[in-house]
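A.B. asks: Fit chain B to the supplied structure of chain A, relying on the hints for placement.
For the protein sequence lines, the chains are A and B, in the order given.
If you read the first sequence in the numbering used here, its first letter stands for residue 1, the second for the next number, and so on.
If you read the second sequence in the numbering used here, its first letter stands for residue 1, the second for the next number, and so on.
Be careful, since some hints might not be right.
Stated by the list, open to error - Derived DEER-like restraints, expressed as beta-carbon distance ranges:
| id | chain 1 | residue 1 | chain 2 | residue 2 | range |
| --- | --- | --- | --- | --- | --- |
| 1 | A | Asp133 | B | Ala38 | 30 to 36 Å |
| 2 | A | Lys82 | B | Asn44 | 29 to 35 Å |
| 3 | A | Glu25 | B | Lys130 | 39 to 45 Å |
| 4 | A | Gly145 | B | Thr125 | 44 to 50 Å |
| 5 | A | Val187 | B | Thr125 | 41 to 47 Å |
| 6 | B | Asn44 | A | Arg124 | 42 to 48 Å |
| 7 | A | Ser208 | B | Val106 | 21 to 27 Å |
| 8 | B | Asp163 | A | Arg167 | 44 to 50 Å |
Just so you know, the hints here were simulated from the structure itself, not pulled from any lab data.
All C-beta atoms in this analysis are idealised placements derived from N, C-alpha and C, irrespective of residue type, glycine included.
Single-letter residue listing:
2 protein chains.
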Amino acid sequence: MKQPPEISISRVAVYLRFLEDYLKENGPQSTINSSQLAKFLNINHHQIRKDLSYFGKFGEPGVGYRADELKERISKILGLRKKWNLCLCGLGNLGSALFAYKGFKVMNLNIVAIFDSNPRKIGRTINQVKVYDPANMQGVIDKMGVNMAIIAVPTEAAQDTVDKLVRSDVRAILNFAPIKLSIPAGVKLRNVDLATELINLTYFLSSSA
Amino acid sequence: MKQPPEISISRVAVYLRFLEDYLKENGPQSTINSSQLAKFLNINHHQIRKDLSYFGKFGEPGVGYRADELKERISKILGLRKKWNLCLCGLGNLGSALFAYKGFKVMNLNIVAIFDSNPRKIGRTINQVKVYDPANMQGVIDKMGVNMAIIAVPTEAAQDTVDKLVRSDVRAILNFAPIKLSIPAGVKLRNVDLATELINLTYFLSSSA
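In isolation and in its complexed conformation, chain A is listed as follows:
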């Protein structure tokens, strides 16, 4: 099977979100075809079929997809039938917002440990999750079975944090610090650049003015 591009994975995640709502509204036996999906999500239906084709054969010609089956298969392929243990690095404003974010738990993504270098935060427990000293990262990650990390530390601390995570065998990292981080091969790093999101808006306003 051909490796799907990241953008297809992101879109398939959006389809999954939509299917959850659709099933609630239309019942567990409901079907949907790619043209309906396209209309609801405002995405070209060729694109939708192409995205789904990376993950195998779905649906029947003329009938479309059983929404519940499609949802289950996508969830499984995306790795969302497993529980994932995350650590959150940095408990400033952004880290606190991410910790409170409700969208993670519904996807079986659980923050099980927090790291922050502020001595006043270390040792605190928030909603049953403990704040640890980054100096003890490797031991905590081993003990808690952490698979993934979120970096929400200040920019100047981000490379040091990612190095510590890699040494602790974390292979999947989501970075919010606006800096290009160096990682070894075999580690997946995804950067969220908040300013880049806004550039689609500046372009829209400029080109439609």
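C.D. replies: The following block gives chain B in isolation, referenced to the frame of chain A:
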């Protein structure tokens, strides 16, 4: 000119970021070709040329691009030579993190007003930016010349906030609330879904396990 897809705009924004660093390191006269860009950014060079082609003719065959010219033209096309006035809706943890985020100012994106319904926050001034009652949104937006808005309010308040923004003639909105918002035609809404970002990581770990 064909309208570029959103993903091309996002990637071109990444090229811009890279060019800024490249110019600092290599001097204002430096050139770069798409293969070098591809190698530095780990993106296919056909993709890079395709992305840039939406924005006009760049570079010379065999020579590549003058980095400074490329940067200027991209900046201009993306609307980053203008100053944009943003309002931030919601000053909770996420809103505070976004307000403190350093990546906006360097792109001429300035938060000039904050809205929050908490009476203890209304009237406060943070780094010369005032917190207003959302009830006064239209007047403030007119007075401050706001072009764009960021929604960082709780999910249940997001639709009401977007409705108020639209009535106040804001046409470009970045939404962080994990909910599908209804907007009229002519308004550009971009959703940042933090859980979706993590799904690329769960897929990576599942498919490489």
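A.B. asks: Now look at each hint and say whether the structure bears it out.
C.D. replies: Checked hints:
1. Look at Asp133(A) against Ala38(B): about 41 Å separates their beta carbons, and that is not inside 30 to 36 Å.
2. In this structure, Lys82(A) and Asn44(B) meet the distance hint of 29 to 35 Å, their C-beta atoms being roughly 31 Å apart.
3. As the Cβ distance of Glu25(A) to Lys130(B) is approximately 42 Å, the hint placing it in 39 to 45 Å holds.
4. In this structure the hint that Gly145(A) and Thr125(B) lie 44 to 50 Å apart at CB holds, the actual value being about 46 Å.
5. Checked against the hint of 41 to 47 Å, the C-beta distance between Val187(A) and Thr125(B) comes to roughly 43 Å, which is consistent with it.
6. The hinted range of 42 to 48 Å is satisfied by Asn44(B) and Arg124(A), whose Cβ atoms lie roughly 46 Å apart.
7. Between Ser208(A) and Val106(B) the beta carbons are some 24 Å apart, a value that agrees with the proposed interval 21 to 27 Å.
8. Hint check: Asp163(B) to Arg167(A), Cβ distance near 49 Å, so the stated range 44 to 50 Å holds.
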